[in-house]
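Visitor: Now for the letters of each chain:
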Amino acid sequence: MKFLHDILEKQKPMFEKGGKLEKFYYLFEAGETFLFTPATTTPTKGAQVRDAIDLKRMMFTVVIAMVPCLLFGMWNVGHQHYLAFGKDADFVGEFLFGLQHVLPIILVAYTAGGLVEVVFAIFRKHPINEGYLVTGLLIPLVCPVTIPLWQVAIASIFAVIIGKEVFGGTGMNVLNVALTARAFLYFNYPLQISGEIWTANATGNIIAKGTQGLVDGYSGATALAVAAQTKAGETVVGNLAKASEWNPGLYDFTNLAIGMIPGSIGETSLVMALIGAFVLVATGVASWQIIASAFGGAYFMGLLLNMIGGNPYLELPAHYHLVIGGLAFGAVFMATDPVSASHTATGKWIYGFFIGFLTVLIRVINPAFPEGIMLAILLMNVFAPLIDYYVIQANKNRRLKRATV
Amino acid sequence: MSVIKLKKGFDINLVGEADSSVAPQRLSKTFALKPTDFIGMYRPKVVVKEGDTVKAGTPLFYDKKLEEVMYVAPVSGEIVKIKRGEKRKLLEIVILADSTMEYVPYNKYTVSELSSLQRDDILPVLLKSGIWPQILQRPYGIVADPKVQPKAIFISSFDSHPLAPDYNFIFKGQEQYFQVGINLLKKIANCPIHLGVSANVEVSKVFSPKNVEITKFSGKHPAGNVGVQIHHIAPINKGDVVWTLNPYGIIQIGKLFMEGKYDASKLVAIVGAEVSKPQYHYTYLGSCVDKFIEENLKNDHVRCVSGNALTGERIEKNGYLGFYDHLLTVLPEGDRPRFFLTDGWFAPIANRLSFHRALGLLSFLNPSKAYNLDTSMNGEERAFVMTGAFEEVTPMDILPLYLVKAILAHDYDEMEALGIYEVIEEDVALCEFIAVSKQPIQQIIRDGINLMREG
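Which chain is which? The protein sequence lines are G and A, in order. All residue numbers for the first sequence refer to our numbering, where the first residue is -18 and numbers rise by one. All residue numbers for the second sequence refer to our numbering, where the first residue is 17 and numbers rise by one.
Chain G with its partners taken away, still in its complex shape:
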């Protein structure tokens, strides 16, 4: 690979100070360091040897952890499509349908957001951070497959600028960038991201009212929507069964857990999210405390609401809350974003717990928002510095107390 490195090194002076393309130095740096870890050695003073890790490997680990969700999501897009139209398709056919409609969304998210990163890197003269490798994949995974591509582009651009760059770039953002994109879509284009929009028609768009060829009694509602619409006197579980009469078993507990249900591309499957969680926790990249406490918080809240009771949704068995909606995906991939989460060990427990707790609260109590995980994480992103503040304050107080004793 030496020849490739030599070619790159030859171009380098052009990008360095005084070179013709000086402005694009950090673009060049991003490309070069992607291919080659630089020959930089440790400075004269200090640690003379360094750990083998770097940010690229860490971010790449997160991307790998998302792959099960991504692949399953692609297949599920096809699966839901063929279910809705009652057509037979084999596994490969379903997957290819999904691939065909998901890939453009990923490309658009990476390109639009990545471009903003590059522009900011050039003007603010800082290296391009690897964090967008993760963000650019998270955005598609929390969107419905039917989302118009231009909306993906705008949302990605908005998220990178307002969610990250205005705060100073990677490492400084308050909110999770991918969820900022989703919140932007949710509040600006509600028609394309809520309601019965989750299943794609043959061209990858929303199945319009009156579309021909649908299975009798087809309903594209998500489990969350069905749960929220359950009336007094019925049970949510019963209503879920009723809603899936066109396709019996669709909203069975196991089916919900495996994730063969309508929803955003990557977030339907608890099982795949848990595989991702296993990768993240085993590699130490994500905090297991956050993941565990988020699930714990949701379950606890579910139990608490069961005890209060009063309407069918409140009485939904607590374990259902863990499998419906995007709780698992959010808890594993969004809540654990190290920059926007709590930074202290104690803080992580509190932060995760309230994410789970609030998710279920929002789901059940607030009829305007069928899903609570997005808002719960964004809300806790805002509160994370406050939680940390008190944890740090406790550390300072211990030191202060020691001095005055």
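Think of the hints as simulated: they come from the structure by calculation, not from any bench. Please note that a few of the clues may not be correct.
Unchecked claim - Below are the DMTMM-like pairs computed for lysine to aspartate or glutamate, each with C-alpha atoms no more than 20 Å apart in a straight line:
#  : chain 1 : residue 1 : chain 2 : residue 2
1  : G       : Lys377    : A       : Glu430
2  : G       : Lys382    : A       : Asp429
3  : G       : Lys(-7)   : A       : Asp351
4  : G       : Lys377    : A       : Asp413
5  : G       : Lys26     : A       : Glu108
6  : G       : Lys26     : A       : Asp351
7  : G       : Lys106    : A       : Glu397
8  : G       : Lys(-17)  : A       : Asp359
9  : G       : Lys26     : A       : Asp427
10 : G       : Lys(-17)  : A       : Glu349
11 : G       : Lys377    : A       : Asp429
12 : A       : Lys80     : A       : Asp161
13 : G       : Lys(-7)   : A       : Glu397
14 : G       : Lys377    : A       : Glu408
15 : G       : Lys377    : A       : Glu407
16 : G       : Lys377    : A       : Asp256
17 : G       : Lys26     : A       : Asp68
18 : A       : Lys277    : A       : Glu118
19 : G       : Lys377    : A       : Glu432
20 : G       : Lys26     : A       : Glu329
21 : G       : Lys26     : A       : Glu332
22 : G       : Lys26     : A       : Glu397
23 : G       : Lys26     : A       : Asp53
24 : G       : Lys377    : A       : Asp427
25 : G       : Lys(-17)  : A       : Asp351
26 : G       : Lys382    : A       : Glu432
27 : G       : Lys382    : A       : Asp351
28 : G       : Lys26     : A       : Asp463
29 : G       : Lys382    : A       : Asp256
30 : G       : Lys(-9)   : A       : Asp351
31 : G       : Lys382    : A       : Glu430
This structure is a prediction, so every number in the text was calculated from the model and none was measured.
Given chain G, put chain A in place with the hints provided.
Guide: Only chain A this time, still in chain G's reference frame:
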């Protein structure tokens, strides 16, 4: 005797540990004192000229802010060079050693005479002798101010850094000097003296003196760091001053009063993967390293480090060992690019050590293996992203990431509240090693300390 078990930390096992043997004596011709080794020094004032002859113990320079403390020649000979850098910054004073050593004479005392010595008999001699700079003060890790009485004195009797010399070996048989040094220190400081010993090995005779409070420490590096030990024995609060010494300094004090001379002889370990025969060498403080590595290297493309691989300083192949160092580490230079698919960020890596377990980092499967690490940064400097890792390698009730951020923000109150008085570079060196973002954590801590000192 209490044992403190430290759960946090990380051992860096490197190839090239010193064999417990002393190489045949081959003294270097030149020795040097480097004012840059004394981090807190304000401005050195040189009192010798090139061409002067000096004895072992003759003052070479002093700090204009601490004029009573002398920095002296480790050997007798001729001043051959006073090396200055940019803005005439004093870098090295080089001495060409005589073949027979001459010492500046001091009074010799018998054991019974020693016990009747008073503070005023001891202190001026120590200040003049050149041993005083062995006494460092915390906060800040700078040469102690003799006008300030310490709350306590702390000594660590073991070094847990990578490839560190075995103190039981290099100070073997010096128990009498060590005891006298302790006794004399006690007289001038009149405060408790704490000795931290390793719970992992048998305590040697040297480190079983009277007049000290012994605490055992078990655990991974940085269990041997005196700063960590202080934190667990009697932490430094605002306004406190404590002293720390390497056992070497205490033995020097003993020798000064028992034998009447400034004895800068020492055993140093020459270690590292690139050293053909890693073992101990007999020499004097500030020795040129040329003789240690002559015909003793496997490879030419190496880096010589005065001190250890975590906190040391790069020196030339004819450079000089630092004032506080008992170790020369020779590491392979890592100045080659790494293609991402073969040995870069994408490839599985089993032969480079990592604290982390991110995809492809396999060293956690083999925790006791000794690694041959080169000097590559293994990545580029990036913004802080990872959280929670620094705390894992810092066995103190301190939040290193927040302390670092407070320093970067020049927030004095925060720095103080978060424990800047309790740390120096070596206490956070592991954070620098494991940092995903490759930030210069040790330098940042020193910058913070300097900010606090300037107030």
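Visitor: Each hint needs a verdict: does it hold in this structure or not?
Guide: Each hint tested on the structure:
Using a Cα cut-off of 20 Å, the hinted pair Lys377 (chain G) and Glu430 (chain A) holds, with the two alpha carbons roughly 9 Å apart. Restraint check for Lys382 (chain G) and Asp429 (chain A): satisfied, since their Cα atoms lie roughly 16 Å apart, inside the 20 Å limit. Distance hint between Lys(-7) (chain G) and Asp351 (chain A) is fulfilled; the C-alpha atoms sit about 17 Å from each other, no more than 20 Å. Note on Lys377 (chain G) and Asp413 (chain A): the hinted pairing holds, with a Cα-Cα distance of about 10 Å set against a maximum of 20 Å.
For the hint pairing Lys26 (chain G) with Glu108 (chain A), the CA-to-CA distance comes to about 17 Å; that is within 20 Å, so the pair holds. Distance hint between Lys26 (chain G) and Asp351 (chain A) is fulfilled; the C-alpha atoms sit about 16 Å from each other, no more than 20 Å. Between Lys106 (chain G) and Glu397 (chain A), the direct Cα distance comes to roughly 14 Å. Compliance with the 20 Å bound is thereby established for this hinted pair. Distance restraint check for Lys(-17) (chain G) and Asp359 (chain A): the Cα-Cα separation of roughly 13 Å lies within the 20 Å cut-off, and the hinted pair is therefore satisfied.
Distance check on the hinted pair: Lys26 (chain G) and Asp427 (chain A) sit about 25 Å apart at the alpha-carbon level, beyond 20 Å; violated. With a C-alpha separation of about 18 Å, the suggested pair Lys(-17) (chain G) and Glu349 (chain A) falls inside the 20 Å cut-off, and the hint holds. Straight-line distance between C-alpha atoms of Lys377 (chain G) and Asp429 (chain A) comes to about 11 Å, which keeps the hinted pair within the 20 Å bound. Our distance criterion of 20 Å between C-alpha atoms is met by Lys80 (chain A) and Asp161 (chain A), whose separation comes to about 13 Å.
This hinted pair checks out: Lys(-7) (chain G) and Glu397 (chain A) have alpha carbons roughly 19 Å apart, not beyond 20 Å. Taken as a hint, the Lys377 (chain G) and Glu408 (chain A) pair is honoured in the structure, with Cα atoms around 19 Å apart against an allowance of 20 Å. For the hint linking Lys377 (chain G) to Glu407 (chain A), the alpha-carbon distance of about 15 Å falls within 20 Å, and the restraint holds. Only pairs whose Cα atoms come within 20 Å are accepted, and Lys377 (chain G) paired with Asp256 (chain A) is accepted, the gap being roughly 17 Å.
Restraint check: the Cα-Cα separation between Lys26 (chain G) and Asp68 (chain A) comes to about 32 Å, which exceeds 20 Å; the hinted pair is violated. A threshold of 20 Å between alpha carbons decides the hint, and for Lys277 (chain A) with Glu118 (chain A) the separation of about 9 Å falls inside it, so the pair holds. Taking the CA atoms of Lys377 (chain G) and Glu432 (chain A), the gap is about 9 Å. The hint holds against a cut of 20 Å. With a C-alpha separation of about 5 Å, the suggested pair Lys26 (chain G) and Glu329 (chain A) falls inside the 20 Å cut-off, and the hint holds.
Taken as a hint, the Lys26 (chain G) and Glu332 (chain A) pair is honoured in the structure, with Cα atoms around 13 Å apart against an allowance of 20 Å. Our distance criterion of 20 Å between C-alpha atoms is met by Lys26 (chain G) and Glu397 (chain A), whose separation comes to about 16 Å. Among the hinted pairs, Lys26 (chain G) with Asp53 (chain A) is consistent with the structure: their alpha-carbon atoms are about 11 Å apart, no more than 20 Å. Restraint check for Lys377 (chain G) and Asp427 (chain A): the C-alpha separation of about 14 Å stays at or below 20 Å, so the hint holds.
Under the criterion of a C-alpha separation no larger than 20 Å, the hint pairing Lys(-17) (chain G) with Asp351 (chain A) is consistent with the structure, at around 14 Å. At most 20 Å may separate the alpha-carbon atoms for a hinted pair to count; Lys382 (chain G) and Glu432 (chain A) meet this at roughly 14 Å. Taking the CA atoms of Lys382 (chain G) and Asp351 (chain A), the gap is about 49 Å. The hint is violated against a cut of 20 Å. Distance check on the hinted pair: Lys26 (chain G) and Asp463 (chain A) sit about 14 Å apart at the alpha-carbon level, within 20 Å; holds.
With a CA separation close to 14 Å, the supplied pair Lys382 (chain G) and Asp256 (chain A) stays within the 20 Å bound. A distance of roughly 18 Å separates the Cα atoms of Lys(-9) (chain G) and Asp351 (chain A); the hinted pair therefore holds under the 20 Å criterion. For the proposed pair Lys382 (chain G) and Glu430 (chain A), the alpha carbon gap of about 16 Å is at most 20 Å, so the pair holds.
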